[in-house]
Amino acid sequence: METDIQRLLHTFAALADLGQEIADTGDFEEMLRASFHLLLGSLAIRRGGVAEYDRDGSTLTLISARGLGDSQDQVLACSNDNERRLASLGTSLSLAQSKSEAERFLAEHQDTLGATRIDLLVPLVVRDSLIGVVLLGEKATGENFTEEDLEVVSVLARHLAVGIHSHRLLEEVEHKAEENRRLYDGLRTIYKETVHAFAAAIDIKDRYTQGHSVRVGKYAEIIAREMGWTDDAVEGIAIAGYLHDIGKLIVDLNVINSPERFNAKDSKEMSRHPTAGYEILSPISHPYADIPLMARYHHERIDGNGYPDGLKGDEIPPGAKIVTLADSFDAMTTDRPYRKHLPLADVLEDFRVNTGTQFEPAVVCAFCRAFLKEIEGTSKEKRLIKLLGKNYDNVESVSPLLTQLISDLDGNDGARAASAAGH
Amino acid sequence: MADTPGEIPVQTRCIGDMAIIYASDYLNKLSGERIERECKRQLGSGCRALVINFRDTELVNSIGVSILMGVIDAAEQNQARLIFSDVNSHTAKLFEMLGITRHVSVVKDEAEALELITPQTNAAGTSGQ
Numbered sequence: 001m002e003t004d005i006q007r008l009l010h011t012f013a014a015l016a017d018l019g020q021e022i023a024d025t026g027d028f029e030e031m032l033r034a035s036f037h038l039l040l041g042s043l044a045i046r047r048g049g050v051a052e053y054d055r056d057g058s059t060l061t062l063i064s065a066r067g068l069g070d071s072q073d074q075v076l077a078c079s080n081d082n083e084r085r086l087a088s089l090g091t092s093l094s095l096a097q098s099k100s101e102a103e104r105f106l107a108e109h110q111d112t113l114g115a116t117r118i119d120l121l122v123p124l125v126v127r128d129s130l131i132g133v134v135l136l137g138e139k140a141t142g143e144n145f146t147e148e149d150l151e152v153v154s155v156l157a158r159h160l161a162v163g164i165h166s167h168r169l170l171e172e173v174e175h176k177a178e179e180n181r182r183l184y185d186g187l188r189t190i191y192k193e194t195v196h197a198f199a200a201a202i203d204i205k206d207r208y209t210q211g212h213s214v215r216v217g218k219y220a221e222i223i224a225r226e227m228g229w230t231d232d233a234v235e236g237i238a239i240a241g242y243l244h245d246i247g248k249l250i251v252d253l254n255v256i257n258s259p260e261r262f263n264a265k266d267s268k269e270m271s272r273h274p275t276a277g278y279e280i281l282s283p284i285s286h287p288y289a290d291i292p293l294m295a296r297y298h299h300e301r302i303d304g305n306g307y308p309d310g311l312k313g314d315e316i317p318p319g320a321k322i323v324t325l326a327d328s329f330d331a332m333t334t335d336r337p338y339r340k341h342l343p344l345a346d347v348l349e350d351f352r353v354n355t356g357t358q359f360e361p362a363v364v365c366a367f368c369r370a371f372l373k374e375i376e377g378t379s380k381e382k383r384l385i386k387l388l389g390k391n392y393d394n395v396e397s398v399s400p401l402l403t404q405l406i407s408d409l410d411g412n413d414g415a416r417a418a419s420a421a422g423h
Numbered sequence: 001m002a003d004t005p006g007e008i009p010v011q012t013r014c015i016g017d018m019a020i021i022y023a024s025d026y027l028n029k030l031s032g033e034r035i036e037r038e039c040k041r042q043l044g045s046g047c048r049a050l051v052i053n054f055r056d057t058e059l060v061n062s063i064g065v066s067i068l069m070g071v072i073d074a075a076e077q078n079q080a081r082l083i084f085s086d087v088n089s090h091t092a093k094l095f096e097m098l099g100i101t102r103h104v105s106v107v108k109d110e111a112e113a114l115e116l117i118t119p120q121t122n123a124a125g126t127s128g129q
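Residue numbers (the numbering used here), protein chains in the order written: chain G, 1 to 423; chain U, 1 to 129.
It is possible that some hints are incorrect.
Unchecked claim - If the Cβ cut is set under 7 angstroms, some of the chain G residues that face chain U in the computed set are:
no.: 1; residue: Gln6
no.: 2; residue: Arg7
no.: 3; residue: Gly41
no.: 4; residue: Ser42
no.: 5; residue: Thr112
no.: 6; residue: Gly137
no.: 7; residue: Ala140
no.: 8; residue: Asn144
no.: 9; residue: Pro292
FYI, nobody ran anything at the bench for these hints, they're computed from the structure.
C-beta atoms are modelled at their ideal positions from N, C-alpha and C, and glycine is treated no differently.
Please build the complete structure, drawing on both the sequences and the hints.
Structure representation (structure tokens):
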């Protein structure tokens, strides 16, 4: 009686420990090894193994074993018939069935397992699907297995089956998540390439500003990065730059390519392009925020005298303020049909004069800082200088102007809102 | 001898080609695997007899039982003698119930273990911590 109670207590303890091991979702290999030990230790079984079933390959792989020679990690064939039969037996098979299955298994895999002894085979089944099998050798007592022993093993085996099954599901989920990540990255690449193609198409229409959209995108990217925007937001502002003039696709080509300054009628025609751009871009599900708005508002002014909606100050999205400056910078530093590119000193003077009216001070300050860093060599890349091209071969001469402008703007709270302007 | 940094080392005492390994208070996965590694290390070094001293052990769980089965196998494969000493009554009953005592000698204390084994060569040294 006392022995029976002790045996029962030992079994319950094994079950409790097994539940704990499986619930601990750390290392699967560790869980498996511990669970296998628990199974063997519950009845002091001298040798055994756990094999996991692979439906695709119709194989059983010994994932944990002791006393079965060198059979660990061995792959054993498991026919569809065997699979169906074992799945139907489940963990509720009789002692006779378990012994019979063990004999059959040994006979089929004698070459691999050699002269080992397996007394019981218990299938691991979850929702009528075969997950694997447990193989058990002789008990340390030398006694035969009883029905009660098989019940204990079956209960433990059921828990082990759930543990293996859960791990498998988790692996599948992780695999699918990785697939989705790859698909998403692929889609983003396609999106970016399409945007680049659009930018090229926009600029082809305007023969005097080849590459304008791309440069605006890159200038915007440089400014946003200097303002401390996140990588994702910086990518978004670059896209906004590439697409900011997409509305020009509906503007009369003669107006766009006019060699003279715009008259009132031409101005009205040209001023359609921000709203046109917004209408073109709005139906698209962009992976970045506010792309259509940046196209719509890149001609707005801080003082409210811009177009199309006359927005003022903080009503203008931060990204639009960056595109505004980038757009103006490129316009002034490239040749137009009615004038050549301006000297950098004049450009910076224009920024200084129009900060607070046309341009956001924090954006101008960030632009100047980024430019100065490239000139002084503290910035590793010289993207801005490269974008300016061979029209500007003496950029160092404007260092004092940049320094002064930064100082003026910082003094006037110009460095505010790196976080307010960012996403 | 500790196997990994930060691991509590297993206390071991060597007498000739016999090693006495001291089990901890709770023989579970962690402590059991330490014992197993130490036993295999000693067997690999040519040890002919292993004594596992359970003086501090209050409880052995199923994982501990299974690991001890593995030690029994390892000793048999190396044709080494395996003895358990200082086993408390509860653990002794457990070992008896599970049939472990059919494969390993269980003695009262180290002195009795030493009597079962002929000590080899020189005086006792101390190995491990």
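Consistency of the hints with the structure:
no. : hint   : in the structure
1   : Gln6   : holds (6 angstroms)
2   : Arg7   : holds (6 angstroms)
3   : Gly41  : holds (3 angstroms)
4   : Ser42  : holds (5 angstroms)
5   : Thr112 : violated (20 angstroms)
6   : Gly137 : violated (10 angstroms)
7   : Ala140 : holds (4 angstroms)
8   : Asn144 : violated (12 angstroms)
9   : Pro292 : violated (57 angstroms)
When each numbered hint is compared with the structure, violations occur for hints 5, 6, 8, 9.
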